[in-house]
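Undergrad: Letter by letter, the chains look like this.
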Amino acid sequence: MSGPMTAQTQGAPDARDVVLAARNVAKSYGSVHALKGVNFDIHRGQVTTLFGENGAGKSTLMKILSGVIQPTTGDIILDGRPVSFANANEARDRGISIIHQELSLAPNLSVRDNIFMGRELRGPLGVDFAEEERQTRRLMEELEEEIDPLTPVEELRLGQQQIVEIARALSVDSRILIMDEPTSALSASEVEVLFKVIRDLTAKGVSIVYISHHLEEALTITDHAVVLRDGAMTAYAPRSDIDLDWIVRNMVGENYDLGSPPDSDRRDVALSIRNLSVPDATGKDLVRGLSLDVRAGEIVCIYGLMGAGRTELLETCAGRLRATGGQIVLEGQEVSHLSIAERISRGLALVPEDRQRDGLVQTMSVGQNLSLASIASFTRGLFTSTGAEKKLIEDSIRTVTVKTSGGGAPIGSLSGGNQQKVVIGKMLATKPRVIMLDEPSRGIDIGAKAEVFRLLADGARRGLAVLYSTSEVSECLSIAHRIVVMHKGRITAEFDSTVTKEKIMAASGESVAA
Amino acid sequence: MSATTATASGARDFSIGRLLLEGRAFFALIAIIAVFSFLSPNYFTLSNLLIMSSQVAIYGILSIGMLLVILNGGIDLSVGSILALCGVCAGAMMQGLELPWAGVILYMPVWAVVVLTVAVGALVGALNGVLVAFFKVPPFVATLGVMYVARGVALLMTNGLTYNNLRGTEALGNTGFNWLGFNRIGGVPISVIVLAVVAVLAGLMLSRSSFGRWLYASGGNERAAELSGVPVRRVKITVYTISGALAAIAGLVLASQLTSAGPTAGTTYELTAIAAVVIGGAALTGGRGGVRGTMLGAFVIGFLSAGLVIIGISSYWQTVFTGAVIVLAVLMNSIQYGRGGRKS
Chain A
1 MSGPMTAQTQ GAPDARDVVL AARNVAKSYG SVHALKGVNF DIHRGQVTTL
51 FGENGAGKST LMKILSGVIQ PTTGDIILDG RPVSFANANE ARDRGISIIH
101 QELSLAPNLS VRDNIFMGRE LRGPLGVDFA EEERQTRRLM EELEEEIDPL
151 TPVEELRLGQ QQIVEIARAL SVDSRILIMD EPTSALSASE VEVLFKVIRD
201 LTAKGVSIVY ISHHLEEALT ITDHAVVLRD GAMTAYAPRS DIDLDWIVRN
251 MVGENYDLGS PPDSDRRDVA LSIRNLSVPD ATGKDLVRGL SLDVRAGEIV
301 CIYGLMGAGR TELLETCAGR LRATGGQIVL EGQEVSHLSI AERISRGLAL
351 VPEDRQRDGL VQTMSVGQNL SLASIASFTR GLFTSTGAEK KLIEDSIRTV
401 TVKTSGGGAP IGSLSGGNQQ KVVIGKMLAT KPRVIMLDEP SRGIDIGAKA
451 EVFRLLADGA RRGLAVLYST SEVSECLSIA HRIVVMHKGR ITAEFDSTVT
501 KEKIMAASGE SVAA
Chain B
1001 MSATTATASG ARDFSIGRLL LEGRAFFALI AIIAVFSFLS PNYFTLSNLL
1051 IMSSQVAIYG ILSIGMLLVI LNGGIDLSVG SILALCGVCA GAMMQGLELP
1101 WAGVILYMPV WAVVVLTVAV GALVGALNGV LVAFFKVPPF VATLGVMYVA
1151 RGVALLMTNG LTYNNLRGTE ALGNTGFNWL GFNRIGGVPI SVIVLAVVAV
1201 LAGLMLSRSS FGRWLYASGG NERAAELSGV PVRRVKITVY TISGALAAIA
1251 GLVLASQLTS AGPTAGTTYE LTAIAAVVIG GAALTGGRGG VRGTMLGAFV
1301 IGFLSAGLVI IGISSYWQTV FTGAVIVLAV LMNSIQYGRG GRKS
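Heads up: the sequence lines are chains A and B, in that order. Taking my numbering, the leading residue of the first sequence gets 1, the next gets one more, and so forth. Taking my numbering, the leading residue of the second sequence gets 1001, the next gets one more, and so forth.
Check the hints yourself; a few may be wrong.
[Claimed, not checked] Computed Cβ-Cβ distance ranges for the label pairs, DEER-style:
{"#": "1", "chain 1": "B", "residue 1": "1316", "chain 2": "A", "residue 2": "157", "range": "53 to 59 Å"}
{"#": "2", "chain 1": "B", "residue 1": "1016", "chain 2": "A", "residue 2": "200", "range": "35 to 41 Å"}
{"#": "3", "chain 1": "B", "residue 1": "1098", "chain 2": "A", "residue 2": "325", "range": "55 to 61 Å"}
[What the hints assert, rightly or not] If you want the footprint, here are the derived chain A segments under chain B, 3+ residues with CB under 8 Å:
{"#": "4", "region": "345-357"}
{"#": "5", "region": "372-380"}
What the hints contain is simulated information worked out from the structure, not anything from laboratory work. Beta carbons: idealized from backbone N, C-alpha and C, even for Gly.
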């Protein structure tokens, strides 16, 4: 290979700046090798980004560096000396903090109480709330967020909650801050603020480890890139030597392509949304008089920012939320009054956005999750037919290419991308006429993304109507025949597949800042 | 039965610890039988085993209903009270219902008494279900309230007294109520047969029917189940209704065994039923558990307390032992699910 250094080069070129390093770190769970002898350096006052697909071992490595789990073999070297952390608190005492992908806030407590949770400041009269509030206010100013320290966390938007999580890590004066997908719930302007905070921190000598699936975004902030694949480090290079293609090539090991709109017959209108309005709990409209048609064999992409009303639109079509006005017409028949189950049996299926919360039953096996939405199809009289169910499960595993040891494996044993394929497979097994997918690529890697989009394109070729939402522009310009942009509950623009990224972003109300 | 699953999973990843953990309720039962057989020659005899089993039947029937509710992620504190209310209803019907507007006393045949009593239990259970599913009352609170109401109604109906004569009269054609509690088929008490039938039906329902799958799914993740087309409200109402109906059956069996029905019967039985389900390895968070484990749990509790009586240990100690067994069981549950749930 030419250009940047590859896996054969061990360690970093400027070794004196390394504050924390992993040397030949391996982690095994029984016969599964999550990490196979990884070397990893964190440089003082710089941002090191870890790239890799789901299941590549990123989270495992981060958990080892932050003391959450212990390596099977290998050393952790802090300031040139080998250390071992018994738990996350020991690592935190040495200045290493981690912000996990899933938020770990108590929603009922205020911002102030969350930030000081577990290490309350003591005063002469118990907890020194005034001092805590003062420090919280200062942190919020630093993060340029107008959040009152006494607001309960549950009243904040998801993006603001993430800011609180970041503030908590900052409040313990960390020297090394690990951020696992910190921007997944943030709006473009909130990401800008976060990046400014990261630059301020690095200027003060804090080292940042950054993990993100949003590659372009990560490239704007990082100083070093490390790529993991299948538990091993495949490449390492400073920012100046690399570009997007280099990362993707090393992550997947091949050229990637999210596909192009399939050549399919676009026939009759399968799903027709007419003048639909959906209110939130306070009566404010999240979707306002929206109309949209999707034809059989057509793929339509809804692009919009967080809070544009995409999720509410799709959940209303599926029957989870009630509309206050308008019609949902499936193949000529009004379905607004039907239950979720009736809509599924008529052929209208939704793959929800949050697969942990809305998609999977964690206590059930892979197979039972796959067959959950089509139990009726293998029920004979009073009882379910084991044989028919097994066939359905095996067919589904093959169609959506789930990597699993079999239908009996626990759902938690799968990587994020494979879990997402299970949720999609579950809804495809109901033989839908229209499938709606809410952010089908959220939190899954490029390889799995491409496979998911290939599945949808295949479906469209067979006459399936596909409606999916996304917040990444590059995903609009892949398989969709038509792109509609949503902003504040309305469709603000509609494009065909020849549109440019800039036009889409402009229509969504997003700034196209360089 | 439990031994086969334990060895099957043991073969995959053999270790004594794992085998003991997964078959814990089964091994606990074996240990209890072995210890008491050693301590008392009267314990391990066919007649004693059958007597103990007929006592377990009451708890066993209740705990199967409780299992369904717990699999759904709920809890049913009202079963002990429903048991008493239904016993009292059956007692009232056996003594003859006075219908003042018609000027007659109505004596019903036993089968009609049984059917109506079960219907009363199902109705009270359905009330629980509606409170939980439609009015979003937390199960703990809804069934706590119904627990008091049902007990109070039972006390009101009898003025706090007990119906003592449930034998019926030959001339009125309503004899045979004590068949449930006293008769045997092939030497096996009817109550044990009732328990076996209920257990087999519940087992089939859980493992083979679509309702069973709906129940496990909505207990494991209600939102995901709902979006997959599972009628989660109907499932909820159904499990509480079944739990109520089973409490009524347990009430009938108990009243028949005692040939009397009192409004204070079955006090704290709901806690014993919960204990049996927990000892049987079900998770109180829902979605995990099975009939086999629950049955083992019920027999562990029943055989343990009967054994302590037989070897002459004070009933105060029985309470201590039962409590210790429950805590131990929950501890083991958290070891099992804690390890299973932690995957990176």
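Undergrad: Each of the hints needs a verdict: does it hold here or not?
TA: Verification of the supplied hints:
1. B:1316 - A:157: 53 to 59 Å: The hint (53 to 59 Å, Cβ to Cβ) holds, given that residue 1316 of chain B and residue 157 of chain A are roughly 57 Å apart.
2. B:1016 - A:200: 35 to 41 Å: violated (56 Å)
3. B:1098 - A:325: 55 to 61 Å: Cβ of residue 1098 of chain B to Cβ of residue 325 of chain A: about 57 Å, so the range 55 to 61 Å holds.
4. 345-357: holds (count 4)
5. 372-380: holds (count 5)
In this structure, only the earlier hint numbered 2 is contradicted, and the remaining ones agree with it.
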